[in-house]
Each structure stands twice: as structure tokens, then as C-alpha cells.
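K.L.:
Using the sequences and the accompanying hints, generate a full structural model.
Protein chains: 4
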Amino acid sequence: MIRSETKIRVRYGETDQMGYAYYGIYAQYYEVGRVEAMRLLGFSYKEVEDRGIFMPVIDYSIHYKKPAYYDDELTIVTFLKQIPTGMRIPFEYECYNSMGELLNTGIVTLVCVDKISGKPCPMPTWFREAFTPFFP
Amino acid sequence: MIRSETKIRVRYGETDQMGYAYYGIYAQYYEVGRVEAMRLLGFSYKEVEDRGIFMPVIDYSIHYKKPAYYDDELTIVTFLKQIPTGMRIPFEYECYNSMGELLNTGIVTLVCVDKISGKPCPMPTWFREAFTPFFP
Amino acid sequence: MIRSETKIRVRYGETDQMGYAYYGIYAQYYEVGRVEAMRLLGFSYKEVEDRGIFMPVIDYSIHYKKPAYYDDELTIVTFLKQIPTGMRIPFEYECYNSMGELLNTGIVTLVCVDKISGKPCPMPTWFREAFTPFFP
Amino acid sequence: MIRSETKIRVRYGETDQMGYAYYGIYAQYYEVGRVEAMRLLGFSYKEVEDRGIFMPVIDYSIHYKKPAYYDDELTIVTFLKQIPTGMRIPFEYECYNSMGELLNTGIVTLVCVDKISGKPCPMPTWFREAFTPFFP
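Chains as they are written, first to last, in the working numbering: chain A, 457 to 592; chain B, 457 to 592; chain C, 457 to 592; chain D, 457 to 592.
No lab work stands behind these hints, which were simulated from the structure alone. Just so we're clear, the structure is a prediction, and the values are computed from it rather than from any experiment. Warning: the hint list may mix true and false statements.
Label pairs and their calculated CB-CB ranges [as the list claims (entries may be wrong)]: (1) C:Arg465 x B:Met555: 21 to 27 Å; (2) A:Arg544 x B:Met555: 24 to 30 Å; (3) C:Met543 x B:Met457: 50 to 56 Å.
Positions of the beta carbon are idealized from the N, C-alpha and C atoms, including for glycine.
P.N.:
See below:
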């Protein structure tokens, strides 16, 4: 399993007039979480793109339990629970506030796309092999 | 059933370096869609808040089929397929580009929260009754 | 002179916990305003990019007089007061609410950049000539 | 003088299709910078609001020299060069990338507003006095 934790502080511009972190901002927070999770593989998502692979999102779902507020320091826990096979990579998430309360959970599924053709493609070997050490 | 259509043009600042409308922006597009759907009830979401009810999102899921691009004019179709009972209001979505291609589908479920107590509450009578004409 | 008016409604996700449209959102509103102003030239900003020219912002300033609120319908008035010479195109802005109150004013200066070299370049002839009819 | 440094990494959702960090995102980065600068005073901006003072932006200007890119780690340097008198607090900014290149400079001027009346007000004594140690 891959598991990583990322701290993110809620910005003023990310709140809405309810005083909550806007429900749409978690797409960014989760994105930051999986970018940090991927660094554990030994390269960055930026390098994945430089090597010719885009990874757009194909499915995203989130369940909100409690709101986050301005200036809260959140912990985004990102999981990859199974070694990816085929074209899809499902990241699972838990988001906690600084009191340890679970604020929301979610799943974001990415797909590999060839940068030149713009079409979905299997995960390249160098990419697939980077996951192996985490799933012994 | 309630059904409404809203046009939204993709802004430059909403694209990402893949050249797609960022996957996180649809939370805003869907929000605009349901605000327009709610105007059909005879009042605005702004008035709902003025009358003491917040409507935060409790569940959000979206399935992406094709990307939208900069300057595309999208049509957000918002549905409320069943009369809301209890505290939850599930809006369903379809997003099309100007060629009529279905780009994504989603569901956003709102819950009523009392503005003063900050706790979930049943939908007030004036609110519930506004839905009646749409579900004869 | 080029002058265009664009209507934009403040989205919920664009408000902050002060209840104002976030001060940073006007960069997007002004961008929408100049994109609509440019359509008067007979092509879109999208086509400008397709023809090999990027137009990044080099200077941006805004003076806020009054806030905008959620669901307000704003009018962005965009001006190009002088025919662009050299590499810079300065757009001037006025933003009004639906009661005709002036909320903010600003200036955004764009520069032409060659998409391939990534370097600033003079405005191409086809682009420059499109401005001529507006400055007789 | 007050001077503080904040690190911010450019998120994917903050890029645009030019491949740059969108010009409008610096309003958020600068906001994060001044929030960290204010923590040096011994309280957070959140506490300022809790004590009844909003601090909306009245003037914002930014000059862009070079773009930032996805995954760049930026350093936002925030300065308050003079002790604030009257109602205005001008923060000055420099934004650098990890190679030490100056990407942009800016000024954001805040004004104190009484949360209840919604009107501009002088800076309260507890707030003003917090600045004194930095301007001996």
C-alpha cells in the first residue's frame, strides 16, 4: 500500500460566505495529496507529464461529514490500496482537521492518456514498476 | 420533475496545463446549475439563506467522459427527479458541449442546516411547498 | 476606442467568509471582459493562441470601492482607449453592480509572446490591422 | 519593518493552458503571505476577525516579470515597511522561484472595517500596538 500525509492550510479565498471551505476546493486538496503520494514512487507527476503521459481524472466522489474553516490546518491522507493494473489508478482520501476529526472521505480515479494521441493508454512499464516495492 | 438548463463558458483561468477545464471547476458549474434550477421555485438560493437556511453539500460525485476546453460554451442540465423528503436534496447533472457531446454526469446532494444552530434541520414548510407544483 | 460590456453573476464559490466576492476573483472577471472585447475584432482570443501568439499579463492593478455580493449581476465594462503600438495592450475596466454603483476600476496590460520561442514579440500584422477600424 | 517569507508550491489546478500559474492566483498567494506576516504580531488574521475587524483589500497591483510553472516552489516575501497610521495597511511583495529568480512584485493595501457597521474604521489600539516592536 502507498499512504502519504500532506498538510494544507485553508486560505481565505477558499472559504465561502457560509464560512466553510468551499465544497469545490477539495478537488485541489486531493490533487495536492496524490502529487505528494506519487513523489514516494521516486518521481513527480510533473516528470510523468514530461515523459509523455497525462493523468486526467475519470471519476471523483467525496462525502462531507464536517466543514473545514478558514486557517484550519488540514491533513490529507492519500491511499493507493491496490497495485494499479490496466489504465486506472484509484486514490482514496481521508481529510482531518487539527483536532483529528474526520471531515471528508473521497476517491479520485485517474487514467493514463498518451500526451500526443490524446487517447487513453496502458500505464508504461517504468511507471508500473515504480509501484512494485509498495505492494510486496 | 424540475429540469433546468444553464449556459456556462469556460474561462481561461479555469483551464489547466493539460488544456482541459480543470476537473475541480465542475463543482462551481454544478452549483451555478442548481442555483438556476432553484429560481424556478420562485425564490433564489440567496433568499433561502436570508430566511435562515444554509444548504451545504453532503455528497458529490462526478464521472468524466470527455474534457471541456477553453472558450467552450457548456450546457449544464440540472435535474431534481424526486420531491425532496427529509433533509436531503439530490440534484443530478449532465454537462454537454456545444456539439451536444455529453462531457460528464454527476450528483450533488445538499442538506438543510439551520443558520443559527449550525445543525441539520428538516426543510421548512415554505420551502417544501415550493416543490409541490413540479411533482403533480 | 473599443468598448464592450459583459454581464457576470457572482458564484457562491467566489464569495469569501466576509460575504464579499473574493478580491482575487476580479482577475477572472476582467479576463472574461477582455475576451468579449476582443471578439469585436472579428476573432477570439482562442484563435489568437491557435495562430501562435500567447498574451500573458504583464501588469495588473485594481482599485476596490465597494464589494460585490453573492448572486449580484455585475457589468464589466472593458475599454481599449488607444490603438496598441509596440508589444503592449492595456485594457481598462469598470465594474458595476445592478444598481449602477461603480464597484472597482482596473487596468490589465497584456504582452504578445511567441508561442514557440516563449519570448515577447511585436503584434503580428493581422492582429494589429484588426484594431484599425476602431480608431479612425 | 516586518518581513516574512512563505513557501507555496504551485498546484496543478492553478496552472492555465499556457502552462503558467494563472495570473489571478497571486492574489491568493499574496494573501497567504500577509497572513503569515501578521502571525509575527502575535495573533492571526482569524483572531482579528473574531475581535470584530474585517480587513478587505482596497488596492492591489502586481507586476509580472516571469511566469511560475506547475510544481514550482515559490517564496513569497511580504514586507510592511512603515508602521500603519490611519486606516490603511500597505503590504509589499516579492515572489521568487526556487532558482532565486524574481517572478513578480506587488502591493496590496488593506483597510480596517468594523464587522458590525460594515464601515471603515481606525485600527483598534490593541492592533496598532502590536506593530510597535517592529518599528523601533
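K.L.:
Hint by hint, where does the structure go against what was stated? Just the numbers, ascending.
P.N.:
When the structure is compared with the hints, none of them turns out to be violated.
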